[in-house]
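Engineer: Construct the complete structure from the given sequences, taking the supplied hints into account.
Chains as they are written, first to last, in the numbering used here: chain C, 491 to 599; chain H, 491 to 599; chain S, 491 to 599; chain F, 237 to 569; chain D, 237 to 569; chain B, 237 to 569.
Because the hints were derived from the structure by calculation, they are not lab data. What you are looking at is a predicted structure, and each value in this text was computed from that prediction instead of being measured. Treat the hints with care, as some may be off.
Have a look at the derived ranges for each label pair, beta carbon to beta carbon [unchecked claim]:
#1 H:493 <-> F:413: 41 to 49 Å
#2 D:438 <-> S:514: 50 to 58 Å
#3 F:410 <-> C:564: 32 to 40 Å
#4 S:571 <-> D:415: 45 to 53 Å
Output of the computed footprint for chain S on chain B, the stretches with three or more beta carbons under 8 Å from beta carbons of chain S [what the hints assert, rightly or not]:
#5 271 to 281
#6 533 to 541
Idealized CB from N, CA, C, for every residue including glycine.
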Amino acid sequence: MRRLQPKKLLTIITSRAIEKMIIEALRKRGVGGYTVVNASGAGASGIQSGMLDSDSNILIYVILSEARLITLLDDFDDMMNRSYRIKVVVTDISILPRKGAATSKNSVA
Amino acid sequence: MRRLQPKKLLTIITSRAIEKMIIEALRKRGVGGYTVVNASGAGASGIQSGMLDSDSNILIYVILSEARLITLLDDFDDMMNRSYRIKVVVTDISILPRKGAATSKNSVA
Amino acid sequence: MRRLQPKKLLTIITSRAIEKMIIEALRKRGVGGYTVVNASGAGASGIQSGMLDSDSNILIYVILSEARLITLLDDFDDMMNRSYRIKVVVTDISILPRKGAATSKNSVA
Amino acid sequence: MDIKSFATLLDPAVLFFFLGIFAASVRSNLEIPAPIAKFLSLYLLMAIGIKGGVALSVSGLHVQMLVGLGIALFMAFFVPLYTFPLLRRKLDGFNAAAIAATYGSVSAVTFIAAGQFLDNHDVEYGGYMAVALVIMEAPAVIMAVALAAMTRASLAKQDAGAAASIGKNSSTFSLRNILHESFTDGAILLLMGSLLIGVIVGKDGYQVMKPFTGDLFKGLLAFFLLEMGILVARRIREMKGVGPFLIAFAFCIPVLNAVIVITLSQLAGLSAGDTLMLAVLAASASYIVVPAVVRVAIPEANPGLYFGMALALTFPFNVVLGIPLYHQLIQLL
Amino acid sequence: MDIKSFATLLDPAVLFFFLGIFAASVRSNLEIPAPIAKFLSLYLLMAIGIKGGVALSVSGLHVQMLVGLGIALFMAFFVPLYTFPLLRRKLDGFNAAAIAATYGSVSAVTFIAAGQFLDNHDVEYGGYMAVALVIMEAPAVIMAVALAAMTRASLAKQDAGAAASIGKNSSTFSLRNILHESFTDGAILLLMGSLLIGVIVGKDGYQVMKPFTGDLFKGLLAFFLLEMGILVARRIREMKGVGPFLIAFAFCIPVLNAVIVITLSQLAGLSAGDTLMLAVLAASASYIVVPAVVRVAIPEANPGLYFGMALALTFPFNVVLGIPLYHQLIQLL
Amino acid sequence: MDIKSFATLLDPAVLFFFLGIFAASVRSNLEIPAPIAKFLSLYLLMAIGIKGGVALSVSGLHVQMLVGLGIALFMAFFVPLYTFPLLRRKLDGFNAAAIAATYGSVSAVTFIAAGQFLDNHDVEYGGYMAVALVIMEAPAVIMAVALAAMTRASLAKQDAGAAASIGKNSSTFSLRNILHESFTDGAILLLMGSLLIGVIVGKDGYQVMKPFTGDLFKGLLAFFLLEMGILVARRIREMKGVGPFLIAFAFCIPVLNAVIVITLSQLAGLSAGDTLMLAVLAASASYIVVPAVVRVAIPEANPGLYFGMALALTFPFNVVLGIPLYHQLIQLL
Ligand SMILES: Nc1ncnc2c1ncn2[C@@H]1O[C@H](COP(=O)(O)O)[C@@H](O)[C@H]1O
Ligand SMILES: Nc1ncnc2c1ncn2[C@@H]1O[C@H](COP(=O)(O)O)[C@@H](O)[C@H]1O
Ligand SMILES: Nc1ncnc2c1ncn2[C@@H]1O[C@H](COP(=O)(O)O)[C@@H](O)[C@H]1O
Ligand code: NA
Ligand code: NA
Ligand code: NA
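Structural biologist: Spelled out as C-alpha cells, the structure:
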C-alpha cells in the first residue's frame, strides 16, 4: 500500500461576503485546490443564520504542505490586522498521495 | 508573523432535533461562538437522508481552549448517559489568534 | 467523567458521482456509520460549482479505529490506482465513547 | 371493493410516489435536494392551513364540527393508551412509548392524500379538518412522554445507582417542556398560523394567495411524493430490528383506528367526507413532527423503530391501500 | 390616522411576517431552508425588475421620472452625509460610516411591501421606481467607504507605526474596487438585468413570465416574509451593543428621511404613489446588499450594529408602521 | 439567414441566459443556490416528460414516430463511432471515449431551448421527441465505455505489470454495470417516469399539473438559464487544456451532426418541427447525465475536458447560434 503523507489542513471560517477575497488570496499563492462548505453559526458579531447573503458563513478547506501554509498564514495574518473577521485553523493531517507522487516515511501501517 | 495558538476543536455530530439542546448547553458554559453545517449520514439508528426535519443531521464545530473543553465534555457525557445520540469528537488544532490576543510559544514557522 | 478514546477520522473529498461507490466500499468493510456534507470547490479538474449533479462535491467523514482504517486505505489506494479522483485525508481525533464502551488510557482531563 | 376507489392510484401525485419507490428500488441516484424537500413540506402545511382557515371563515362554527373535533381528540388520547400495553409485550417502555406517540399522532401528508382522494371523488369535507390535524398532534406526545417518565422512574427504583442522573433527566423534561416543544414545533406552528391567517383574510383575501397555495398544489405535492417514495423504499431496504410483530402492528393498528373512528363518526352522524378524513388522521402515524420531538423527549428510544415504521410501512400503506379501503368501509356502513 | 391605512396589516404576506416574529419569539424551530430564503430574495428582485421594466416600456420616458430619480439620487448622497456626523458623536468613524451607508442605501423588500400597500389601496406608481431602487444602492456605499478611508488615514497619522499596513488597506480598496463590488453585486445586477429584460420584451413578451413573476408573487412574498419575521425576532433577542442612541436612530432617521422626500416630492408635484415609493426608499435601510459590500470594504465596522439595526429595527418598523404613516403624511400635505 | 430566426434571442429565458453570462464575466457574486439549480433541472425534466407523455397519449403511435426514433437511435450509435477515431488523433483513448460519449448523448436543456424556439415560431413537433431524448442518452455511454475498456486492455498488454489492477477495473465495470448506471440515472428515470405518467393520466389528468409543469415553465426556465449562463462564463474563463482542436470540435461536430440528421429526416419526410428537434438532439452534448456516469465508468478521463467542452462551448453555441442555424437549413432544404 501507498504510504500516508503528512500535510496540513487549513480551515478558514468566515462570512460568505469574504469568500472571493480568500479564494483570490489562495490563487495569488498558486493554490488552486480548495473545498467550500456552506455554514451558519454565531460569534462576536452575532448570529449568522445563513438565510441572507449578508448573513451566511462558509468553511474553506485547503490541503497543503507546511511550506505553502506558512506563506498563506502571512496573508491571513495581514487580513486579520486589517480587521477582517476570519477564523484561521490549522490541523495536522495525513493524505493518501496521488499515483506517482513522492511518498514520505510517515505511514499508518 | 503572529504565532499560532494551540486550541481544541470540538465537533458534535447529531440529529437536527438535538441542535437547540446542544447550543443551549454551549451557552450555559459561556460559549457563544460555533459553526453549524447541515449533513446527512448513516449510523446505528439507520439512514439520515436530510430530507425531513426528523431525518437530518448537523455538524457543530466549536473552537475552544482545553480548559473550556473539559467542562463541556462533562455536559456531553451527561447527555450521552441520558441516551442522547451524539458523536463527540475532539481534535488538536492551532489557530491564528486575533489582533492583540496573547500568543503561545507554539508556532508553525 | 468518561475518558476520551483515540480514534481516526477518515475524510474523503470527491465528486457526488463517486459517492455511491465510496459508501459501497465502506459497507463491504462493515462500516455502516458515516456523515456526508455537500461541498463545492476547485482542483486539477476545474471548478466544481455544486450547481449540477455532474458538478458537485461531497465530503464523507468516517470515525473509525486505526485497524479498520488500514483495511479501508487499501481499498481507496486501489481506487486511486484506477484513476478515481478522490482526496483521502486522515486525522487523529479523540471521541467520547458511548455508554458501556471500553475506555482507553488516553484522557483529556 | 369497487374499482373506482383505487382509481385514485392514477392521481398524478400518487403516480410520482410510485416512481420514487421504483427509483429507490433500482438504486437510482434520483434525489430531490434536501432543502427543496423541506420547503415542500412547509408549503403543503401552509397551503392546507390557509385553505382550511378560509373554509372555516365561510362555514363558521357548527355542532358537527365540535363532534368531529371531539372524536379527533378522543383518538389522540385513546390510541397511545391502548397501544402502549400492546407494545410493552415485545418492547421496553421507551420504545413502546415512542411508537405509541407516533401512532397516536398524525401525518399531514397522509391527510393531504386523503383530501386529494376526496377531491377526485367529488366528496366534500369540512374546513375544520385542518383544526383536527392540529389538535391531534400534541396529546399523544404528552402521554408518551409521561409513559416514558414512568418507565424511567421504575428503572430508577430497580437500579438505585443510576437514580441521580435519571432524576436529572426527568426534571429536565417536565410536562411544561414537552408542551412547549410540541406547540412550538415549526410544522404545528406554521399549520396553526396559516389556519388563523386563512380565517382572517377569508375568501377574498385568499385570492392573491391562490395561484401559489392552490393552483400549484398538485404539482408540488407530486414532487414531494416523489421524494417520499424514494425515502420509503430506502428505509424499507435498511429496516433493522423491525420484526413480524411490529410489521403487523404497522399495518393493523391503522385499520383498527380507522374502524373505531368510522363507527364513532357514523353514530354521531358525520358526513362521509368528514368521516374519511378523521379515519385517516387516526390511522396515520407521524414521521416528521413526533420523531423530532421524541428524539429530545425520549432519547432512549430507537428512531430506527418509531420513525422507520411510521415512514416506511404505515405511510405507504395508508396512501396506497388504506384510504380507498376506509372509503369503502364508510360506503358499506 | 384612519384605520384603512393599517388595514394593510391584514395583507396575508404581512400576516406571515407576524407569524414569523411570533414563531421566533416562542423559540420555535420553524425555519425556511437557507437556499430557499436566498432563492426567494432573488425571485423578488427578478419579479420587481421585470415588472418595472415592462411598465417603463409602456410609459416611456417622461419629465416626472427624471424629477423622481433626481430626488432619489439626492437622498442617496444626502443621507450618509448628514447621518455620518450624527453617528460620529457616539461611534468611531468605521461604524459611523457603515451605518451611514446602510441608511443611505435601500431595502428591496421594504420597497416591495410599499408596492403591495399601494396595490391594496389601488394607488398607482411609476415603473421607474425600480430604477430608483437601483440607483439608490451604490452612492451611499461609495460615500461611506470614502469616509472610512478618511478615518483610516487620520488613525494612521496618530499611529505612525501602523501606517504601513493601513496604507496597504486603503490601496487595496480603491474607489474602483468599491464601484466594481457595488455594481456587480448579485442583487443589483439581477435587478438591473431584469429591468432591462422587462424593457426589451415589453408587455407581450411578459405574458409568458407572468404566471411565475406575477401570479406567484404574493404567495412567495408571504413565505419570504415569514422567514424575515423569524430573522427579525431572533436578531432583536441577540442585539448586543445597540444602545438607546442607535435604537432612536433606527426609528427616527427613517421618518426624517421620509419627511424630507415627501416635502421635496410635493414641491415637485409628484403623484401620491411615486411620492410614497420614494419616501419608503429613503426611509429604508439595506440589510442584504450593503452589509455584504461593507464587510469587505469597511471590515473594521461591526456587522452586529449596521446589519442588526437595519434588519431588526428599521425593517419591521417600516413594514408595520412606517409605510402607513408616510401614506398618511402624504394625504395630509 | 433572416432576422426572425434570431428573434428567438429575445425570448426572456434566453435573455436571462445572457444576463448570467454577463454577471459571471464581470465577476459578480450573483449565484442561484445550488439546491435550487438542481431542483430546476429536475423540474424541467418532469415538465417535458409529462408534456411529451400527454402529447403521446393524444397522438398515439404512428409510422413517422418510428422513423424519427430510428434516426435518433442511429445517431446515438453513429456519433461516438465516428468521433472517437477523430479524437484519438490528438487525445488518449480515455479522453477520446469520454468526449465521444458526451457528444453522442444529448442535453435536455438544449432540447428545451429548441422546443421554446419552435413555440415562438408556431411550429409543432411530436410528443415522441421526449422519447427520442430518453433513448439517445444511453447508447453513446455504452459504446464509450467499451472503447475505454479496449484502451485499458491494450495499455495492459503494453505494461504487463499493471495488468492485475487493470483486470480488476474492467471486471468492476461490466456492461451490466454501465447499463444499470445509465438507466437508473436520476435524470433519465425522472424523464422516463414523467413520460409514462403523462401517457397514463392523459390530457384530462394533466390539467391539475399544468399550473406547475406548464404555466411556470418559462419563468423557471429563465431562472435556470440565468444560472447556466453563470456556469458557462465561469467555465470558459477556467478552461484548461482545451486547445484549438477541441474548440473546433465543440463547434463543428454539432453542426455536422445536425446536417446529417436534417438530411436523413428530409429523406424520410419528417416534419420541420420534428426535424429540428432531432437535429438539436444530435447536435447537443450531455453535461449532466453523461459526465456523472463517465466519472465512474471512465475515471481516467479528465472531466475538465469532456464536461468543460459540452457545458462551456457546445451548449451556448447551440442555444444562441445553432438552433436558429439548423432551422434555417431545414427551411432551405
Ligand atoms: N488542495 C486541496 N485542498 C482541499 N480540497 C481540494 C484540494 N484539491 C482538490 N480539492 C477538492 O477535490 C475536488 C477534486 O479535485 P481534483 O480532482 O483535483 O479536481 C475539488 O473540486 C476540491 O473540492
Ligand atoms: N469559537 C468558535 N468556534 C467555531 N466557530 C466560531 C467560533 N467563533 C466564531 N465562529 C464562526 O465564525 C463566524 C464569525 O465569528 P465572529 O467574527 O466572532 O462573529 C461565526 O458566525 C461562526 O460561524
Ligand atoms: N462512524 C461514524 N463516522 C462518522 N459519522 C458517524 C459515524 N457513526 C454515526 N455517524 C453519524 O452520526 C449519526 C447518528 O448516528 P447513530 O446514532 O449511530 O445512528 C449518523 O446519521 C451519522 O451522520
Ligand atoms: Na394516528
Ligand atoms: Na435609505
Ligand atoms: Na448529441
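Engineer: Hint by hint, note whether the structure agrees.
Structural biologist: Hints, verified against the model:
The hinted range of 41 to 49 Å is satisfied by residue 493 of chain H and residue 413 of chain F, whose Cβ atoms lie roughly 46 Å apart. Distance hint check: the CB atoms of residue 438 of chain D and residue 514 of chain S are about 54 Å apart, consistent with the given range 50 to 58 Å. For residue 410 of chain F paired with residue 564 of chain C, a C-beta distance near 54 Å fails the hint of 32 to 40 Å. In this structure the supplied range 45 to 53 Å holds for residue 571 of chain S paired with residue 415 of chain D, their Cβ-Cβ distance being about 51 Å.
Proximity of the region 271 to 281 of chain B to chain S, defined as three or more residues with a beta carbon under 8 Å from a beta carbon of that chain, is established by the 3 residues found. Counting residues of the region 533 to 541 of chain B whose beta-carbon sits less than 8 Å from any beta-carbon of chain S gives 5, enough to reach three: the coverage restraint holds.
Consistency note: the structure conflicts with earlier hint 3 alone.
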